[in-house]
Amino acid sequence: MNENVTIVDCVGETCPVPLVETRKAIRKASPGDIIEVIGTHPASKKEIPMAVKELGLELISIEEEGNMWKIRIKMR
Amino acid sequence: MSKATIIVHSGDMDKLYSALIIGNGALAMGMDASLYFTFWGLMRLKKGGLEKGPLSKMHFLGIGKWMVKRKMKQANVRSLEKMITDFRELGGKIFACDMTMEIMGIQKEDLRQDLITEYAAVGTYIKEAKESDVTLFI
Chain R
1 MNENVTIVDC
11 VGETCPVPLV
21 ETRKAIRKAS
31 PGDIIEVIGT
41 HPASKKEIPM
51 AVKELGLELI
61 SIEEEGNMWK
71 IRIKMR
Chain Z
77 MSKATIIVHS
87 GDMDKLYSAL
97 IIGNGALAMG
107 MDASLYFTFW
117 GLMRLKKGGL
127 EKGPLSKMHF
137 LGIGKWMVKR
147 KMKQANVRSL
157 EKMITDFREL
167 GGKIFACDMT
177 MEIMGIQKED
187 LRQDLITEYA
197 AVGTYIKEAK
207 ESDVTLFI
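Protein chains in written order, with the working numbering: chain R, 1 to 76; chain Z, 77 to 214.
Since the hints were made in silico from the structure, they are not lab data.
The beta carbon of each residue, even a glycine, is placed where N, CA and C say it ideally should be.
Just to be clear, a hint being listed does not mean it is correct.
[Said to hold, decoys possible] Distance windows between CB atoms, simulated:
| no. | chain 1 | residue 1 | chain 2 | residue 2 | range |
| --- | --- | --- | --- | --- | --- |
| 1 | Z | 133 | R | 64 | 36 to 42 angstroms |
| 2 | Z | 209 | R | 5 | 30 to 36 angstroms |
| 3 | Z | 184 | R | 61 | 47 to 53 angstroms |
| 4 | Z | 122 | R | 55 | 20 to 26 angstroms |
Extracted from the complex, chain R is given alone in its bound form:
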């Protein structure tokens, strides 16, 4: 399958940057596209999934390694 993946690198960024950059990527994406957000800000790890739910998108996964996290979102 040919998936269009956008990486949003928010490593070292703080509130509200990860949320804002994720939203920007979502606005530019098309249905079926994957958005992968990488970051270190602890609160954003909880809040990005909240935004995903509010926006009616699909949360594929949340992975964590050390203080880094990776959230995968699928556009509908």
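Following the hints, position chain Z against chain R.
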């Protein structure tokens, strides 16, 4: 769609941060967001005025603000300029109070017209606020 409407009455730097962070947060969560700049808040929309606000507490003739700005830089907090650009890019609306412009003798040319969506009065605010789920006065 749900909406957040915020009056930005204060021109203090820290309060402008609050308004822009909440506004951007609302947009990120899929809401509409409007910021109404009035009185001291409108001063921050003058050309070159965005970062000029004092700290609402412990300004200490600028020393307090300098310290807070240094801490913000260490924490990698985005500048007000970047935050207000993000806000517009995500579809947020910025209203400038035209009564304040009249009282303070501000012309459109004095303001950041690149950021302003509309010049409006209280009626527009009430109409927007009525349709909003979140309304704040900062």
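(request) Could you tell me which of the hints above the structure violates, numbers in ascending order? (result) 4
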